[in-house]
Amino acid sequence: MFEDFFDVVKKRFNGSDDDYKPPMFKCPRCQDTSPLSRYEELHRVCPKCNYHGRLSARERISITVDKESFKEFDKDMKSLNPIDFPDYEIKQEELREATELNDAVVTGTATIKGSPVVIGIMDSRYMMGSMGSVVGEKIARAFEYATENCLPVVMFTASGGARMQEGIVSLMQMAKTSGAVKLHSDAGGLYITVMTDPTTGGVTASFASLGDIIIAEPKVLIGFAGRRVIEGTIRQRLPEDFQLAEFMHDKGFVDMIVERRKMRSVLSHLLKLHGYDKKEA
Amino acid sequence: MEEKKTAWERLQIIHTKGRPTIRDYIPLIFTDFYEMHGDRLCGDDKAIIGGIARLDNRPVTIIAEVKGRDLNENKACNFAMPHPEGYRKALRLAKQAEKFHRPVICFIDTPGAFCGVAAEERGQGEAIAKNIAEFMTLRTPVISIVLGEGGSGGALALGVCDELAMLENAEYSILSPQGFASILWKDASRAEEASGVMRITAEDMVQLGVAETIIEEPLGGAHNDLDKISENIKEYLSHKIPEKCQIDIDVLLKERYTKFRKIGAFIE
Numbered sequence: 001m002f003e004d005f006f007d008v009v010k011k012r013f014n015g016s017d018d019d020y021k022p023p024m025f026k027c028p029r030c031q032d033t034s035p036l037s038r039y040e041e042l043h044r045v046c047p048k049c050n051y052h053g054r055l056s057a058r059e060r061i062s063i064t065v066d067k068e069s070f071k072e073f074d075k076d077m078k079s080l081n082p083i084d085f086p087d088y089e090i091k092q093e094e095l096r097e098a099t100e101l102n103d104a105v106v107t108g109t110a111t112i113k114g115s116p117v118v119i120g121i122m123d124s125r126y127m128m129g130s131m132g133s134v135v136g137e138k139i140a141r142a143f144e145y146a147t148e149n150c151l152p153v154v155m156f157t158a159s160g161g162a163r164m165q166e167g168i169v170s171l172m173q174m175a176k177t178s179g180a181v182k183l184h185s186d187a188g189g190l191y192i193t194v195m196t197d198p199t200t201g202g203v204t205a206s207f208a209s210l211g212d213i214i215i216a217e218p219k220v221l222i223g224f225a226g227r228r229v230i231e232g233t234i235r236q237r238l239p240e241d242f243q244l245a246e247f248m249h250d251k252g253f254v255d256m257i258v259e260r261r262k263m264r265s266v267l268s269h270l271l272k273l274h275g276y277d278k279k280e281a
Numbered sequence: 001m002e003e004k005k006t007a008w009e010r011l012q013i014i015h016t017k018g019r020p021t022i023r024d025y026i027p028l029i030f031t032d033f034y035e036m037h038g039d040r041l042c043g044d045d046k047a048i049i050g051g052i053a054r055l056d057n058r059p060v061t062i063i064a065e066v067k068g069r070d071l072n073e074n075k076a077c078n079f080a081m082p083h084p085e086g087y088r089k090a091l092r093l094a095k096q097a098e099k100f101h102r103p104v105i106c107f108i109d110t111p112g113a114f115c116g117v118a119a120e121e122r123g124q125g126e127a128i129a130k131n132i133a134e135f136m137t138l139r140t141p142v143i144s145i146v147l148g149e150g151g152s153g154g155a156l157a158l159g160v161c162d163e164l165a166m167l168e169n170a171e172y173s174i175l176s177p178q179g180f181a182s183i184l185w186k187d188a189s190r191a192e193e194a195s196g197v198m199r200i201t202a203e204d205m206v207q208l209g210v211a212e213t214i215i216e217e218p219l220g221g222a223h224n225d226l227d228k229i230s231e232n233i234k235e236y237l238s239h240k241i242p243e244k245c246q247i248d249i250d251v252l253l254k255e256r257y258t259k260f261r262k263i264g265a266f267i268e
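Sequences listed follow chains A and B, in order. Residue numbers are given in our numbering: position 103 of the first sequence equals residue 103, and the series is strictly consecutive. Residue numbers are given in our numbering: position 133 of the second sequence equals residue 133, and the series is strictly consecutive.
Read the hints as simulated data drawn from the structure, not as lab findings. Just so it is clear, CB atoms sit at the ideal spot from N, CA and C, and this is done for glycine as well. Don't take every hint at face value.
Claimed, not checked - Pairs of lysine-lysine, DSSO-like flavour, derived with a Cα cap of 30 Å: (1) Lys186/B to Lys78/A; (2) Lys251/A to Lys46/B; (3) Lys75/A to Lys254/B; (4) Lys95/B to Lys78/A; (5) Lys71/A to Lys262/B; (6) Lys91/A to Lys186/B; (7) Lys272/A to Lys67/A; (8) Lys262/B to Lys91/A; (9) Lys254/B to Lys251/A; (10) Lys219/A to Lys186/B; (11) Lys244/B to Lys75/A; (12) Lys251/A to Lys186/B; (13) Lys46/B to Lys78/A.
What the hints assert, rightly or not - Here are some chain A residues the structure puts well away from chain B; computed CB gaps all over 12 Å: (14) Asp19; (15) Asp84; (16) Cys150; (17) Val181; (18) Lys219; (19) Ile230; (20) Asp250; (21) Arg260.
Unchecked claim - Covered by chain B, according to a simulated footprint, are these stretches of chain A (three or more residues, beta-carbon under 8 Å): (22) 21-28; (23) 35-42; (24) 118-127; (25) 163-177; (26) 220-228; (27) 234-247.
Put together the whole structure using the sequences plus the hints.
In structure tokens:
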């Protein structure tokens with residue numbers, strides 16, 4: 001690997017490599033390649049097949065809310081080790097360094113084209129977006145804040161499900177978050193879920209499925225049970241489109257599929273249709 | 001209680017052939033049981049039964065995951081693994097209980113919600129999510145009892161309650177020890193070891209704030225004395241249901257929310 005690296009440096013330094021090409025992005029769906037800069041310009045959407053790549057929470061915030069409007073909640077909250085699972089702390093420290101996150105969700109207030117919202121964005125880089133104590137607590141607090149302040153909630157979900165390392169405590173976060181969603185709903189608050197890749201397991205079976213309006217990005221994975229688990233149960237290969245956003249849309253569990261480039265504008269319209277336009281966050 | 005058994009030993013007990021199921025308990029704990037069928041949307045799931053009965057003369061609604069006592073019964077009830085229509089039937093009966101001011105008693109005994117094509121197509125995730133949210137504000141007392149297996153979201157869909165009791169050998173977990181070992185250690189054969197680290201026993205649930213009460217089982221497990229274990233469950237319910245019915249419903253709902261709201265371990 002290092003040799004390759006030095007070769008590239010040498011070639012560039014000597015100016016002998018006339019064939020130098022810009023870094024390319026190879027799409028995992030269509031297998032076609034495009035310049036990486038083009039893929040990044042489109043906010044990680046493949047220019048060839050419209051594949052929507054995963055975004056970090058920070059990237060998602062930057063393309064969704066008004067500039068400098070985001071104020072983060074509970075930035076320093078960190079998980080303890082409720083069932084004393086071996087090496088859980090070490091694993092988390094490594095991830096904190098790699099992702100610059102303290103856990104798998106970022107929450108706060110912001111405005112979207114002027115409309116105030118409470119927003120939550122899950123980040124699949126942190127233990128596959130799994131829900132443990134911190135994810136549960138931050139989401140519950142975000143909904144409680146929204147209820148107290150008569151604000152709508154927009155939640156971008158991305159999760160493999162429960163945080164195994166927190167055992168039953170992880171399962172209880174489903175009740176904690178769903179309860180907070182219910183109280184927000186009973187108080188008349190608008191809740192929009194945006195399902196991104198992947199939305200599965202305990203997150204699908206709790207707050208993600210409780211939106212008044214459920215949006216999904218194109219072709220993202222949405223389901224309760226994992227594909228391999230189901231294939232193991234039925235001993236058959238599942239069709240390619242099984243559990244994709246379009247499949248869940250056809251089955252009646254997703255209201256609309258919205259491309260990333262239109263998301264901010266669709267969210268803004270929906271918020272304004274519910275009267276959330278001239279209030280202060 | 002007898003000497004403390006390991007989580008693994010308890011798992012062997014709850015999987016013993018002859019472990020009583022809800023069908024054994026109902027006639028010994030309740031009278032006048034009338035079973036109700038269907039979710040009024042799609043079908044009638046045989047993995048969850050529900051209906052109206054009397055507990056000490058008081059009308060109550062019963063909702064229960066039902067295991068079979070032999071292979072034929074298990075095939076009929078899908079090994080107690082509900083489809084979405086089972087959870088939707090449960091919610092319909094819970095709402096009916098709320099309307100007629102009956103307390104709800106849920107019996108949990110499932111390896112988990114069924115993982116299959118039809119279950120996904122009909123919204124397994126949505127069905128569980130909706131039950132969890134709706135039970136949180138159901139304006140009537142709810143008591144849940146884990147009889148044997150409390151498997152993940154499939155259990156929690158009947159587990160949002162004012163108080164949770166565990167039979168002494170029952171377990172409550174995020175997934176099976178086999179699944180846990182194969183996901184985290186890529187080795188399903190380490191299930192026994194996984195059961196030791198997962199914290200799944202009745203005592204664990206009380207320590208972690210998930211359950212409030214442990215119902216003692218006869219020596220060796222519930223299958224050794226059906227009358228005795230039924231008596232113990234009935235004694236618990238006969239004491240707990242009137243107690244919860246006396247509490248103002250708004251206070252009860254606040255306490256129910258707080259019970260789940262405070263579970264978690266973090267620093268700021």
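Cross-check of the supplied hints:
Between Lys186/B and Lys78/A the alpha-carbon distance is near 27 Å, which keeps this suggested pair within the 30 Å criterion. At roughly 23 Å between alpha-carbon atoms, Lys251/A and Lys46/B fall within 30 Å of each other, so this suggested pair holds. Of the pairs offered as hints, the one joining Lys75/A and Lys254/B holds, with about 28 Å between alpha carbons and a cut-off of 30 Å not exceeded. Our distance criterion of 30 Å between C-alpha atoms is broken by Lys95/B and Lys78/A, whose separation comes to about 38 Å.
Restraint check for Lys71/A and Lys262/B: satisfied, since their Cα atoms lie roughly 25 Å apart, inside the 30 Å limit. In summary, the hint linking Lys91/A to Lys186/B is supported, as the alpha carbons are separated by about 17 Å, within the 30 Å threshold. Taking the CA atoms of Lys272/A and Lys67/A, the gap is about 19 Å. The hint holds against a cut of 30 Å. For the given pair, Lys262/B sits about 25 Å from Lys91/A by alpha-carbon distance, which is consistent with the 30 Å threshold.
A hinted pair counts as satisfied when its Cα atoms are at most 30 Å apart, and Lys254/B with Lys251/A does not qualify at roughly 36 Å. Pair hint Lys219/A plus Lys186/B holds up; C-alpha atoms about 29 Å apart against a cutoff of 30 Å. Among the hinted pairs, Lys244/B with Lys75/A is inconsistent with the structure: their alpha-carbon atoms are about 39 Å apart, more than 30 Å. The hinted pair formed by Lys251/A and Lys186/B fails the criterion: a straight-line CA distance of about 33 Å is larger than 30 Å.
As the CA atoms of Lys46/B and Lys78/A are separated by approximately 43 Å, the hinted pair breaks the 30 Å bound. Listed as a non-interface residue, Asp19/A keeps its Cβ farther than 12 Å from every Cβ of chain B; the least gap is roughly 42 Å. Distance check on Asp84/A: its Cβ comes as close as 8 Å (rounded) to a Cβ of chain B, failing to clear the 12 Å threshold; non-interface status is violated. Under the 12 Å C-beta cut-off, the non-interface status given to Cys150/A relative to chain B holds; the minimum distance is some 19 Å.
Taking the minimum C-beta to C-beta distance to chain B, about 6 Å, the non-interface status of Val181/A is violated against the 12 Å cut. The claim that Lys219/A lies off the interface holds: its Cβ sits roughly 16 Å from the closest Cβ of chain B, which is beyond the 12 Å cut-off. Distance check for Ile230/A against chain B: the nearest CB is about 5 Å away, which does not clear 12 Å, and the non-interface claim fails. Residue placement check: Asp250/A does not keep its beta carbon more than 12 Å from all beta carbons of chain B (closest about 9 Å).
Against chain B, the non-interface label of Arg260/A holds: every CB pair exceeds 12 Å, the least being about 23 Å. Counting residues of the segment 21-28 of chain A whose beta carbon lies closer than 8 Å to any beta carbon of chain B gives 0, which falls below the threshold of three, so the coverage claim is violated. Coverage of a stretch by a chain is defined here by at least three residues with a beta carbon nearer than 8 Å to that chain's beta carbons; for the segment 35-42 of chain A and chain B the count is 0, and the condition is violated. For the segment 118-127 of chain A, the assignment as covered by chain B is violated, since 0 residues bring a beta-carbon within under 8 Å of that chain's beta-carbons and 3 are needed.
Proximity of the segment 163-177 of chain A to chain B, defined as three or more residues with a beta carbon under 8 Å from a beta carbon of that chain, is established by the 13 residues found. With a threshold of 8 Å between beta carbons, the proposed coverage of the segment 220-228 of chain A by chain B holds, since 4 of its residues qualify and at least three are required. Coverage of the segment 234-247 of chain A by chain B holds [criterion: at least 3 residues with CB-CB distance below 8 Å; count 4].
Violated hints, listed in ascending order, are 4, 9, 11, 12, 13, 15, 17, 19, 20, 22, 23 and 24; each of the other numbered hints is respected by the structure.
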